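The listed protein sequences correspond, in order, to chains A and B.
Whatever position you read off the first sequence (first residue = 1), add 541 for this note's numbering.
Whatever position you read off the second sequence (first residue = 1), add 55 for this note's numbering.
Keep in mind that the hints were calculated from the coordinates and are not lab data.
There's no promise every hint is true.
[Said to hold, decoys possible] So the derived list for chain A, only partly shown, Cβ under 7 Å to chain B, looks like this:
1. Pro674
2. Lys678
3. Lys701
4. Glu772
5. Thr776
6. Ile798
[What the hints assert, rightly or not] In silico PhoX-like cross-links for lysine-lysine, where the CA-CA straight-line distance does not exceed 25 Å:
7. A:Lys671 x B:Lys355
8. A:Lys677 x B:Lys307
9. B:Lys307 x A:Lys678
10. A:Lys677 x B:Lys306
11. A:Lys768 x A:Lys671
12. A:Lys702 x B:Lys376
13. B:Lys214 x A:Lys678
14. B:Lys319 x B:Lys280
15. B:Lys355 x A:Lys702
16. B:Lys307 x B:Lys280
17. A:Lys671 x B:Lys101
18. B:Lys229 x B:Lys379
19. A:Lys691 x B:Lys376
20. A:Lys600 x A:Lys691
21. B:Lys101 x B:Lys280
22. B:Lys361 x A:Lys691
23. B:Lys253 x A:Lys677
24. B:Lys376 x A:Lys671
25. A:Lys702 x B:Lys379
26. A:Lys702 x B:Lys280
27. A:Lys677 x B:Lys101
28. B:Lys306 x B:Lys237
29. A:Lys714 x A:Lys762
30. A:Lys691 x B:Lys280
31. A:Lys762 x A:Lys826
32. A:Lys678 x B:Lys253
33. A:Lys671 x B:Lys306
34. A:Lys678 x B:Lys306
35. A:Lys741 x A:Lys841
Remember, predicted model here, so these are calculated numbers, not experimental data.
Glycine included, C-beta positions come from ideal geometry on N, C-alpha and C.
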Amino acid sequence: MVREIIMPKLGETMEEGYIVSWKKAERDSVEKGEVLFEVMSDKTNFEVESLHSGYLIKKLYEPSDKPIPVTTIIGYLADTPDEKVPAVESKTGERKSEGERKVKVTAETAPAEKESEMAMISGEPSERLKASPLAKKMAREAGIDISVVKGSGPGERIEKKDVLEYLSTRKEKEQGAGEYRIQEWTPLRRIIAKRLTESKREIPHYYLQGKFLVDRVVHLKENLKEKQDTELTYTDFLIFAAAGAIREYPLINARLINGEIRIYSAINIGLAVSVEQGLLVPVLKNCEAMDIRSISIERKKIIEKARASMLSENEMKDAGFIISNLGMYGVENFQPIISPPGVAIMGVGKIGKEMIVVDDTPQIHYVMNVSFSFDHRVIDGSYAGLFYKRFKETFENPATG
Amino acid sequence: MREITYRQALNEALMEEMEKDQDVFLLGEDIAIYGGAYGVTADLWKKYGDRRVLDTPISENAIVGVGLGAALTGMRPVAEIMYIDFIGLCLEQLNNQVAKIRYMFGGKCTVPLTIRTEGGAGRTLGAHHSQSLESWLIHIPGIKVVMPSTPYDAKGLLKSSIREDNPVVFIEHKMLYNTKGKVPEEEYIIPIGVADIKREGSDVTLVTYSRMLLVCMEAAARLEKEGISTEIVDLRTLLPLDTETVVRSVKKTSRMVIVEEDCKTGGTGAEISAQIMENAFDWLDAPIVRVAGEDVPMPKSPVLEKLAIPDAERVYRAVSKLAKET
Numbered sequence: 542m543v544r545e546i547i548m549p550k551l552g553e554t555m556e557e558g559y560i561v562s563w564k565k566a567e568r569d570s571v572e573k574g575e576v577l578f579e580v581m582s583d584k585t586n587f588e589v590e591s592l593h594s595g596y597l598i599k600k601l602y603e604p605s606d607k608p609i610p611v612t613t614i615i616g617y618l619a620d621t622p623d624e625k626v627p628a629v630e631s632k633t634g635e636r637k638s639e640g641e642r643k644v645k646v647t648a649e650t651a652p653a654e655k656e657s658e659m660a661m662i663s664g665e666p667s668e669r670l671k672a673s674p675l676a677k678k679m680a681r682e683a684g685i686d687i688s689v690v691k692g693s694g695p696g697e698r699i700e701k702k703d704v705l706e707y708l709s710t711r712k713e714k715e716q717g718a719g720e721y722r723i724q725e726w727t728p729l730r731r732i733i734a735k736r737l738t739e740s741k742r743e744i745p746h747y748y749l750q751g752k753f754l755v756d757r758v759v760h761l762k763e764n765l766k767e768k769q770d771t772e773l774t775y776t777d778f779l780i781f782a783a784a785g786a787i788r789e790y791p792l793i794n795a796r797l798i799n800g801e802i803r804i805y806s807a808i809n810i811g812l813a814v815s816v817e818q819g820l821l822v823p824v825l826k827n828c829e830a831m832d833i834r835s836i837s838i839e840r841k842k843i844i845e846k847a848r849a850s851m852l853s854e855n856e857m858k859d860a861g862f863i864i865s866n867l868g869m870y871g872v873e874n875f876q877p878i879i880s881p882p883g884v885a886i887m888g889v890g891k892i893g894k895e896m897i898v899v900d901d902t903p904q905i906h907y908v909m910n911v912s913f914s915f916d917h918r919v920i921d922g923s924y925a926g927l928f929y930k931r932f933k934e935t936f937e938n939p940a941t942g
Numbered sequence: 056m057r058e059i060t061y062r063q064a065l066n067e068a069l070m071e072e073m074e075k076d077q078d079v080f081l082l083g084e085d086i087a088i089y090g091g092a093y094g095v096t097a098d099l100w101k102k103y104g105d106r107r108v109l110d111t112p113i114s115e116n117a118i119v120g121v122g123l124g125a126a127l128t129g130m131r132p133v134a135e136i137m138y139i140d141f142i143g144l145c146l147e148q149l150n151n152q153v154a155k156i157r158y159m160f161g162g163k164c165t166v167p168l169t170i171r172t173e174g175g176a177g178r179t180l181g182a183h184h185s186q187s188l189e190s191w192l193i194h195i196p197g198i199k200v201v202m203p204s205t206p207y208d209a210k211g212l213l214k215s216s217i218r219e220d221n222p223v224v225f226i227e228h229k230m231l232y233n234t235k236g237k238v239p240e241e242e243y244i245i246p247i248g249v250a251d252i253k254r255e256g257s258d259v260t261l262v263t264y265s266r267m268l269l270v271c272m273e274a275a276a277r278l279e280k281e282g283i284s285t286e287i288v289d290l291r292t293l294l295p296l297d298t299e300t301v302v303r304s305v306k307k308t309s310r311m312v313i314v315e316e317d318c319k320t321g322g323t324g325a326e327i328s329a330q331i332m333e334n335a336f337d338w339l340d341a342p343i344v345r346v347a348g349e350d351v352p353m354p355k356s357p358v359l360e361k362l363a364i365p366d367a368e369r370v371y372r373a374v375s376k377l378a379k380e381t
């Protein structure tokens, strides 16, 4: 008997994955439960185990940075090493898979959740790119990814003339711009590009900017440091203040999923972390239940994991509010892009002394430049303003917060 | 070059082959004294007499059976079935005997039998005398099916059919008999199984045969004025099908419209379409389009008959939609 091995769908938003490595060679025997291959998706790596014993008779895809749509057949497992690989014309499809794979996720995932993820694998077909056979052939021969070509045929089908047009504009550009080298897309880069383009295209962003007076935080931080107590960072204070303000303004913690505005009771705060290959957003879960010291401990753990590429899928999902900090580079202010399905994100600029007028008197204060981006579909300006006000109060008065 | 009608061209072909080969003889209903329902055998009886031009009773199965027997014993009969609508009466002979006997006897005999018939609508003759049944026949391995569209092709192909050692069903079209075209006086033949590019073009390939060629030519002239260049492939023989020529044209234009008078379901167009999917998939830039007859018994009303089969307007619309919107 020959069984299909497919690219598993490992999460609600996963549309494609990348084969990182095969753990078996063709014709190798495979025991049930042994790891067959490793997949990268939505920024995490998974090891995929075989549900059956047998032989890996065929690999249809080698590890590469080319994305493979979920449910695509990527290989075949057979009872004996000499069984024939079935002839397949189309490798993608809306096939009903019988749960041919089992996924070992490094982090703990609740069994129920796992089950629903499995159901997703066999369920929805991914949206199909429409291109004429000729257009596909031309793109293949020109070595371009056909998904970058815009289709002008019925139902936006990509046709010959679209590929020709793409190639000619590309040529014009190439002729004009002089020498260059091509930076290869990494899987993570591709995911970032796709998600953020979607966000900026679909979400009506608006921005609030302000200055937090942070003298108290600065002093408190220094005192604690002198006392050799836990070393807290500004980020810890920000997370703590954000959790407090979100408790009062729960819409900030909403996520827009399948057209529903879902307001979660758990306050999960994401932190944008820059790593070698790009940007990751590890998530600090249940901040509503933590004091600032616990927050600090968890924050350190998760950021270290991110830098070491050790984050599990679970540690990167379900973010609500996200904090992105560029202050350490001396950036005064920036407007971050919302990461869907979240509806709000904060951009933190540098902390420095500034002259502030208080009661008609110029005073020197420590000031942190902050900005917020909100999804106007969910949050109106006045609500965001109230949230901002509460956030500022909490942050500026850490002793009472 | 002189111009003669399709009918005259066929008549010449018969006469030339009868002149050349004493084994060639004709049989059919009303073909001798009357000269054939559409006049194709006119004057041949006068010239060659009773022994070579035979009027038969109204019994299509016998006509084909006698033809087969004569062919097996060394003659080159040309049988006429007045309307293709009557072909069902001969299917036992045609399908089970004529088509298979050479194969079943291990090639020890040949069947140089030509069955001439005519089909198609256009004369408001109703459901019993207006059908296009070629798609039945292309499903019979062992015979050849020829459907010429011009006087030149009709003459050259009928001569080849008579000389062919395997059975040929030669289907004329009742609306073509009076059409005129250039036919040289000197002898020529056209090989069976070779399609002809009747018009060269670059944007869309029109694949057609028999009377629908004229419809396609008319549509093509109109399309050209709008800047759409069509290439027209006239199949001429449906079995064996010249897939190679069609594939070559589709590789050039990447778009194909098949135009057939036969009703659409299970028609010749379906077969051509499948051949292109198998052989030229990667060259297609748009789905294949069929313009075909409606799946109805042919209406007697002239208005409805016109609606039931493709005309130049329908072909024009289909091609221009395919060329423009995409």
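Results of checking the hints against the structure:
1. Pro674: At 5 Å from the nearest chain B Cβ, proline 674 of chain A passes the 7 Å test, so the hint holds.
2. Lys678: Holds: closest Cβ of chain B sits about 4 Å from lysine 678 of chain A, inside 7 Å.
3. Lys701: Lysine 701 of chain A check passes; min Cβ-Cβ to chain B is 4 Å, inside 7 Å.
4. Glu772: Since chain B brings no Cβ nearer than about 63 Å to glutamate 772 of chain A, farther than 7 Å, the hint is violated.
5. Thr776: violated (55 Å)
6. Ile798: For isoleucine 798 of chain A, the interface hint is violated, since the closest Cβ of chain B sits about 36 Å away, which is over 7 Å.
7. A:Lys671 x B:Lys355: violated (44 Å)
8. A:Lys677 x B:Lys307: holds (16 Å)
9. B:Lys307 x A:Lys678: holds (14 Å)
10. A:Lys677 x B:Lys306: Measuring from Cα to Cα gives roughly 14 Å; hence the hint holds.
11. A:Lys768 x A:Lys671: With Cα atoms ~65 Å apart, lysine 768 of chain A and lysine 671 of chain A exceed 25 Å; violated.
12. A:Lys702 x B:Lys376: holds (16 Å)
13. B:Lys214 x A:Lys678: Outside the cut-off at roughly 44 Å; violated.
14. B:Lys319 x B:Lys280: violated (29 Å)
15. B:Lys355 x A:Lys702: violated (46 Å)
16. B:Lys307 x B:Lys280: holds (21 Å)
17. A:Lys671 x B:Lys101: violated (66 Å)
18. B:Lys229 x B:Lys379: Violated - the C-alpha atoms of lysine 379 of chain B and lysine 229 of chain B are around 35 Å apart, more than 25 Å.
19. A:Lys691 x B:Lys376: holds (21 Å)
20. A:Lys600 x A:Lys691: violated (31 Å)
21. B:Lys101 x B:Lys280: violated (50 Å)
22. B:Lys361 x A:Lys691: Violated: lysine 361 of chain B and lysine 691 of chain A sit about 42 Å apart, past 25 Å.
23. B:Lys253 x A:Lys677: Outside the cut-off at roughly 31 Å; violated.
24. B:Lys376 x A:Lys671: holds (19 Å)
25. A:Lys702 x B:Lys379: holds (12 Å)
26. A:Lys702 x B:Lys280: Status holds; Cα separation ~22 Å.
27. A:Lys677 x B:Lys101: Violated: lysine 677 of chain A and lysine 101 of chain B sit about 64 Å apart, past 25 Å.
28. B:Lys306 x B:Lys237: violated (31 Å)
29. A:Lys714 x A:Lys762: violated (53 Å)
30. A:Lys691 x B:Lys280: violated (30 Å)
31. A:Lys762 x A:Lys826: Cα-Cα ~24 Å, so holds.
32. A:Lys678 x B:Lys253: With Cα atoms ~29 Å apart, lysine 678 of chain A and lysine 253 of chain B exceed 25 Å; violated.
33. A:Lys671 x B:Lys306: holds (20 Å)
34. A:Lys678 x B:Lys306: holds (12 Å)
35. A:Lys741 x A:Lys841: violated (30 Å)
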